[in-house]
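A.B. asks: So the chains spell out like this:
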Amino acid sequence: MASESIPLTLHKNPLSVVYEWLATVDHKKIGIMYIVYALLFLVVMGIEAILMRIQLAHANSTFLSPQVFDRLFTLHGTTGIFFVAMPILFGFGNYLVPLMIGARDMAFPRLNAFSFWMTALGGLILYGSVFAGGPLSQAGSAPDVGWFAYAPLTSPAFSPGHSTDYWTLSLLVAGVGSIGAAVNFVATILAMRCEGMTLGRMPLFSWMNLVMGGLVLVTISPLTAAQIMLMVDRYIGGHFFDTDAGGSVVMWMHFFWIFGHPEVYVLIIPCFGFVSEIIPVFSRKAMFGYPAMVAATVSIGFVSLGVWAHHMFTVGMPSYGNAFFVLTTMVVAVPTGIKIFNWLATMWGGKIRFATPMLFCIAFLFQFLIGGLTGIMLATAPFDWQLGNSYFVVAHFHYIIVGGILFTIFAAFYYWYPKMTGRMLDETLGKWHFWLFVIGFHLTFDFMHVPGLLGMPRRVYTYEANRGWQSWNMISSIGAAVQAIAILIFVYNMVQSYFKGAPAGNDPWDAWTLEWATTSPPPDYNFAMVPAVQSRRPLWDIKHPEDPDWKYE
Amino acid sequence: MSATGIEIPARAAAWKLPSRGRVGMLCLILAESAIFAIFIAAYIFYIGKSLSGPTPRQILTVPIVTSVGLWLSSFTIHWAVSALAKGKTALFAALWFITLALGAFFIAGTAREWRHLIFDEGFTIQTNLFGTTYYALVGLHASHVIIGLLALTVVMIFALFGKVKPEHHERCEILSLYWHFVDVVWVVVFIVVYGLS
Chain F
51 MASESIPLTL
61 HKNPLSVVYE
71 WLATVDHKKI
81 GIMYIVYALL
91 FLVVMGIEAI
101 LMRIQLAHAN
111 STFLSPQVFD
121 RLFTLHGTTG
131 IFFVAMPILF
141 GFGNYLVPLM
151 IGARDMAFPR
161 LNAFSFWMTA
171 LGGLILYGSV
181 FAGGPLSQAG
191 SAPDVGWFAY
201 APLTSPAFSP
211 GHSTDYWTLS
221 LLVAGVGSIG
231 AAVNFVATIL
241 AMRCEGMTLG
251 RMPLFSWMNL
261 VMGGLVLVTI
271 SPLTAAQIML
281 MVDRYIGGHF
291 FDTDAGGSVV
301 MWMHFFWIFG
311 HPEVYVLIIP
321 CFGFVSEIIP
331 VFSRKAMFGY
341 PAMVAATVSI
351 GFVSLGVWAH
361 HMFTVGMPSY
371 GNAFFVLTTM
381 VVAVPTGIKI
391 FNWLATMWGG
401 KIRFATPMLF
411 CIAFLFQFLI
421 GGLTGIMLAT
431 APFDWQLGNS
441 YFVVAHFHYI
451 IVGGILFTIF
461 AAFYYWYPKM
471 TGRMLDETLG
481 KWHFWLFVIG
491 FHLTFDFMHV
501 PGLLGMPRRV
511 YTYEANRGWQ
521 SWNMISSIGA
531 AVQAIAILIF
541 VYNMVQSYFK
551 GAPAGNDPWD
561 AWTLEWATTS
571 PPPDYNFAMV
581 PAVQSRRPLW
591 DIKHPEDPDW
601 KYE
Chain Z
5 MSATGIEIPA
15 RAAAWKLPSR
25 GRVGMLCLIL
35 AESAIFAIFI
45 AAYIFYIGKS
55 LSGPTPRQIL
65 TVPIVTSVGL
75 WLSSFTIHWA
85 VSALAKGKTA
95 LFAALWFITL
105 ALGAFFIAGT
115 AREWRHLIFD
125 EGFTIQTNLF
135 GTTYYALVGL
145 HASHVIIGLL
155 ALTVVMIFAL
165 FGKVKPEHHE
175 RCEILSLYWH
185 FVDVVWVVVF
195 IVVYGLS
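These protein sequences, in sequence, are chains F and Z.
According to my numbering, the first sequence is numbered sequentially starting from 51.
According to my numbering, the second sequence is numbered sequentially starting from 5.
Next up, chain F with everything else stripped away, as it sits in the complex (with noise of 0.2 Å):
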């Protein structure tokens, strides 16, 4: 049973496996390309921000010049967002979702696949400019005009050689990649659940991609508009920002924003789906509230569209104009609200299990919280003219998107990783993984958050000695160093778990969703015969037929 499940190739011919990879249009391959993609990725974003605290952790160091430190945040940012964040979720995405709804693959097998190599070729393009252009001690003719890339500073004027063009094509290639995944999602979603899965009994995780789909068709496409129009002002001689003929670069902020702030939403709604996937089962009680926790879900969809000049509060637009975007921000927390208090009910009166995908979890939670209130902050815009720019601001989403997006990416990974492999992650590696991550994710965020308050602004390559901000930087950059380790680990266990990890068998956490329903790994077809679906946990009426769940829905 256990050799059966162990996807290791050893007797094929290396060239046609290297092949049955680059060609496959199946969803759980493509998903796992998508997954070391964005883990190759990841590591090289970490790579970037140690580099970056190595820099900041003393006050006036010469160890990066400011050309080079520029270049880092603006990779860094862009990496994060486009080549770690997107194609991880995604990968999670497509491998789960056809499993979750009975499915045999994604509903168009291979836009799925151009759809992954767009985002791979993006990825390719964008470190591509490290090698061109200048010198490679300089970090070549990498952008570095942050990763929202504003105008005037990407004029031609302000951006001669081709830095901004890199990043403009890079994410004009990906974004074709990530639109053609959302249509997917959708389509799949929609028209390709098993018999007896309606919508209100499909897992919540796929809820969350229907709606995670949906907002990037909303959402990445504003973004392609606002690059195109980059393009014409860089290449062919257009005026939409140039303000020396009536353009606006304000009105660049607006686009990239209507773009850039659902894009957070697309990035968390699915690692909501996680915990709603993994909270129960080791809690060993059904989600709490199933239909508020879709409800929600779907108002921060729609209302996530219309807060994208909090972003803006400090360029100087009217006051009702701020006020609206103060409103519709602090509203946008209500559902988030809800959906955190279900969680919890959720764990009350349940049976825990802490392993360690419920710890991740478990933090989330309380990061995720704290993440949110200091939004709250930001959102009131006052306050927000006082820390703006500063690291307050990049505390905040640090602490959403490290805390809260990359702690359920963890807990996505010892949950499902005996899925797609047949082992076990280690447990004890598991453990040192999550508390030395805990430990360095908080000295370097929280302790964050008092340079922003003492004034500290982003993207300064250095500062003063007398300012008061290096004790904070250096407690900062030690966090940043035990976070490094704490990904070692956890590479270490992905590796060596592959080989000698325990196996998983079909259903190792006694869990309720339809993809423990087949084997570990599931074969190319996924299922010889989709289980009966009639309640929001079909696995549970299989193995408890004497109480199943569609006696109570």
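These are computed hints drawn from the structure, not numbers from a lab.
What you are looking at is a predicted structure, and each value in this text was computed from that prediction instead of being measured.
Some hints here could point you the wrong way.
Said to hold, decoys possible - Lysine to aspartate or glutamate pairs mimicking EDC-like chemistry, simulated, CA-CA at most 16 Å apart:
1) Z/Lys-20 x F/Glu-245
2) F/Lys-335 x F/Asp-597
3) F/Lys-335 x F/Glu-603
4) F/Lys-335 x F/Asp-560
5) Z/Lys-53 x F/Asp-557
6) F/Lys-335 x F/Asp-599
We have chain F; now place chain Z onto it with these hints.
C.D. replies: Chain Z alone, transformed into the frame defined by chain F:
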């Protein structure tokens, strides 16, 4: 065997899901609408803001004939798909060809208009804000028409070889959704460019 197969109890209603092609095309249309919305927003925002150069009123002539042709092509493609569903493949091919011709006529008209603007009036994307937003918006739409024409041509070629059968009417209908989208966008762009400004 890994998955247990319990008989599925009879459902009251048959299990009916939307077609994935239709959902996929509607998703694509949603995404493209968002792109057009941004270009239209930029156009509207920049109305009257050019610092120099010609204004729309001074330089544009309303392309009413080609526009009406494009909008008519929505009807012809609809009739074509209905004909195919009823098994009238010859009528389908004829109407499909007329749709293609009307679309090509529209592009030819746009090309003529632009040739006049660029070479006779010296009005380009670099001239002023109006030039930038006009060529970008109308050009974005025209490129979508061209992509549609390519898809229509592929179907036309299949139809001429007699390969398009009544059972393919759903696929042709999904393609026609894209064509209708292109037409609706032209309604909006037409009003904004030739009406509002």
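A.B. asks: So, for every hint listed, does it hold in this structure?
C.D. replies: Verification of the supplied hints:
1. Z/Lys-20 x F/Glu-245: Roughly 9 Å between the alpha carbons, so the hint for Z/Lys-20 and F/Glu-245 holds.
2. F/Lys-335 x F/Asp-597: 14 Å, holds
3. F/Lys-335 x F/Glu-603: Distance of about 14 Å is within 16 Å: holds.
4. F/Lys-335 x F/Asp-560: Since the Cα atoms of F/Lys-335 and F/Asp-560 sit roughly 12 Å apart, the hinted pair holds (cutoff 16 Å).
5. Z/Lys-53 x F/Asp-557: 64 Å, violated
6. F/Lys-335 x F/Asp-599: 12 Å, holds
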